[in-house]
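These protein sequence lines are chains V and H, in that order.
Take 1 as the starting number for the first sequence in our numbering and just add one per residue.
Take 1 as the starting number for the second sequence in our numbering and just add one per residue.
To be clear, the hints were calculated from the coordinates, so they are not data collected in a lab.
Mixed in with the good hints there might be a few duds.
[To be verified] Derived BS3-like pairs (lysine-lysine); straight-line CA-CA distance at most 30 Å: (1) V/224 x H/242; (2) V/235 x H/224; (3) H/213 x H/160; (4) V/159 x H/213; (5) V/254 x V/233; (6) V/233 x H/224; (7) V/304 x H/304; (8) H/235 x H/215; (9) V/3 x H/120; (10) V/233 x H/160; (11) V/213 x H/120; (12) V/224 x H/254; (13) H/224 x V/215.
2 protein chains.
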Amino acid sequence: MNKITRLLDIQHPIIQGGMIWNSGWKLASAVSNNGGLGLLGSGSMYPDVLREHILKCKKATEKPFGVNLPLFYSDIEEHIKIIIEEKIPVVFTSAGSPKTYTSLLQGHGVRVVHVVSSLKFALKSEEAGVDAIVAEGFEAGGHNGIDETTTFCLIPNIKKHISLPVIAAGGIATGEQILAAQILGADGVQIGSRFAATVEASSHENFKQEIIKAKEGDTHLTLKELIPVRLIKNKFYYDVLKAYENNASQEELKQLLGRGRAKKGMFEGNLEEGELEIGQSSALIDSILSVDEVFKQLISEYQKALLFKYSL
Amino acid sequence: MNKITRLLDIQHPIIQGGMIWNSGWKLASAVSNNGGLGLLGSGSMYPDVLREHILKCKKATEKPFGVNLPLFYSDIEEHIKIIIEEKIPVVFTSAGSPKTYTSLLQGHGVRVVHVVSSLKFALKSEEAGVDAIVAEGFEAGGHNGIDETTTFCLIPNIKKHISLPVIAAGGIATGEQILAAQILGADGVQIGSRFAATVEASSHENFKQEIIKAKEGDTHLTLKELIPVRLIKNKFYYDVLKAYENNASQEELKQLLGRGRAKKGMFEGNLEEGELEIGQSSALIDSILSVDEVFKQLISEYQKALLFKYSL
Numbered sequence: 001m002n003k004i005t006r007l008l009d010i011q012h013p014i015i016q017g018g019m020i021w022n023s024g025w026k027l028a029s030a031v032s033n034n035g036g037l038g039l040l041g042s043g044s045m046y047p048d049v050l051r052e053h054i055l056k057c058k059k060a061t062e063k064p065f066g067v068n069l070p071l072f073y074s075d076i077e078e079h080i081k082i083i084i085e086e087k088i089p090v091v092f093t094s095a096g097s098p099k100t101y102t103s104l105l106q107g108h109g110v111r112v113v114h115v116v117s118s119l120k121f122a123l124k125s126e127e128a129g130v131d132a133i134v135a136e137g138f139e140a141g142g143h144n145g146i147d148e149t150t151t152f153c154l155i156p157n158i159k160k161h162i163s164l165p166v167i168a169a170g171g172i173a174t175g176e177q178i179l180a181a182q183i184l185g186a187d188g189v190q191i192g193s194r195f196a197a198t199v200e201a202s203s204h205e206n207f208k209q210e211i212i213k214a215k216e217g218d219t220h221l222t223l224k225e226l227i228p229v230r231l232i233k234n235k236f237y238y239d240v241l242k243a244y245e246n247n248a249s250q251e252e253l254k255q256l257l258g259r260g261r262a263k264k265g266m267f268e269g270n271l272e273e274g275e276l277e278i279g280q281s282s283a284l285i286d287s288i289l290s291v292d293e294v295f296k297q298l299i300s301e302y303q304k305a306l307l308f309k310y311s312l
Numbered sequence: 001m002n003k004i005t006r007l008l009d010i011q012h013p014i015i016q017g018g019m020i021w022n023s024g025w026k027l028a029s030a031v032s033n034n035g036g037l038g039l040l041g042s043g044s045m046y047p048d049v050l051r052e053h054i055l056k057c058k059k060a061t062e063k064p065f066g067v068n069l070p071l072f073y074s075d076i077e078e079h080i081k082i083i084i085e086e087k088i089p090v091v092f093t094s095a096g097s098p099k100t101y102t103s104l105l106q107g108h109g110v111r112v113v114h115v116v117s118s119l120k121f122a123l124k125s126e127e128a129g130v131d132a133i134v135a136e137g138f139e140a141g142g143h144n145g146i147d148e149t150t151t152f153c154l155i156p157n158i159k160k161h162i163s164l165p166v167i168a169a170g171g172i173a174t175g176e177q178i179l180a181a182q183i184l185g186a187d188g189v190q191i192g193s194r195f196a197a198t199v200e201a202s203s204h205e206n207f208k209q210e211i212i213k214a215k216e217g218d219t220h221l222t223l224k225e226l227i228p229v230r231l232i233k234n235k236f237y238y239d240v241l242k243a244y245e246n247n248a249s250q251e252e253l254k255q256l257l258g259r260g261r262a263k264k265g266m267f268e269g270n271l272e273e274g275e276l277e278i279g280q281s282s283a284l285i286d287s288i289l290s291v292d293e294v295f296k297q298l299i300s301e302y303q304k305a306l307l308f309k310y311s312l
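Just chain V, same shape as in the assembly (with noise of 0.2 Å):
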């Protein structure tokens, strides 16, 4: 027992990503199941279909598991009331302030992480109440913070000047890296990138096989003045390239963005038009398991990282 597997009330230190478009019930479950902590995207859900999904969620397991919530999302308060009234143990929030909800959430019982990419905004956190933070290094798919902080940096400079649980993210998709994070100073690892390859991920198949696809290289963190993002380099990401080449406005590349871009890629599998978002350790990642397979991969190369010999 660790910090984090205290505070979550789980076995081992592995918290899912809770990744629009890829974090329904079926993979939540799986994960909580397999002893780690599964968290639902309500990023990409409204209201009542992050309903259905906790309910589905419910039956599928006895254990805990909990829901990221993108503070900019529209329909927060929604999803808030939701959260509260299914009694929810925990909420990763990200993308907005932590004073503003973590007060309420934690009056009625409900645990807050916050997300950050910076030891800036984990101090923030720390000042807000939450009860730990995912500290987020450069590598990580998806939206991004503008400093670029990886994790090799992040965590222990974060380590160093909080006391607060640490979860580390980015880059993690092997039990070797779980163990680096922890030495790095992390109390538990989220990952997203290969549980978006897994077969219980709600994401299309074909979204699923151009992450075993990826090589390194393949991913691109880009439209760093709306929010960054670290996608797939697909048609999508060159188009905003070429609009970058033109020299596009701000407003031009809103415009280019449109609605409905990730899910179009990630949900719909449109491989050309669509945000492919994933990180950096997607070049690790070469095939689909489930997350029983994950789980077992991921702590037999744990187990055998920390039986090898290290010497200075």
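Based on the hints, put chain H in the right spot on chain V.
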């Protein structure tokens, strides 16, 4: 003993990066005397200066030391001649094709370690017959690769596909990070920024003070159209940003960069107009130490990290 300590005939698998304007004979000999491998940074030395540093370094240590050799350097043939004449046991080559000089150097008994930032170039280096590779992540200071792969993702991927000894670089400034790099698959580490902020580094005191003042987010990878370089965000950096905002051409960026910016910043201590090349790990470096003290600290942090009981 491991692959790297055997190959380089050193006690600890710790290599000091051969950073231009920082890595003269004082730094290199102090690192070698501590059981690591010191490297002279020949990229900022005329041939006669390199010879002088080699001779002084030989007087200051009986242990092996090496030379870092940027392959695009104009005096490269002269440098290679000197290295062979002075029987330098190992060179670290970078910024060019490992095919060009590897056999020549090896034919004269010089071991060749090539610096890469991607798996693609690691495979090319293996093909070229180098003795080991340095795999340098996005968080590293100075010149960097275009794929932006971080240490956390680069090392496991290279280890998976390459059988040569691998030295991890980029972001490493603490003993915990050395252990983490080993767990990710590294046989040794190359450390830059931490050694730049030592008494023995030949860089200007002003620059050393900037390193220890730098916080997370204070460096950025820029000038990607020329050669990507990670710098402290000083006046020169913001001048580059302004040029981007005005849609500067590659030629205009080249003119803005001009010649001698790195010398001006790191060697002459002009913190406004100079190029201040340093890694993200500068956020973890709070004091200028002697090389002896750095080694003591790295070893003690490493041993402590090794004793901790990790579990999943």
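Okay, the hints, checked on the actual structure:
1. V/224 x H/242: holds (16 Å)
2. V/235 x H/224: holds (22 Å)
3. H/213 x H/160: At roughly 37 Å apart (the allowed maximum being 30 Å), residue 160 of chain H and residue 213 of chain H break the hint.
4. V/159 x H/213: holds (19 Å)
5. V/254 x V/233: Measuring from Cα to Cα gives roughly 18 Å; hence the hint holds.
6. V/233 x H/224: holds (17 Å)
7. V/304 x H/304: Given pair residue 304 of chain V, residue 304 of chain H holds - Cα atoms ~20 Å apart, limit 30 Å.
8. H/235 x H/215: With a Cα-Cα distance of about 16 Å, the restraint between residue 235 of chain H and residue 215 of chain H holds, given a limit of 30 Å.
9. V/3 x H/120: Not satisfied, since the Cα-Cα distance of roughly 40 Å exceeds 30 Å.
10. V/233 x H/160: holds (23 Å)
11. V/213 x H/120: Given that 30 Å is the threshold and the Cα spacing comes to 16 Å, the pair holds.
12. V/224 x H/254: holds (24 Å)
13. H/224 x V/215: holds (21 Å)
Hint check: violations occur at hints 3 and 9; the rest are consistent with the structure.
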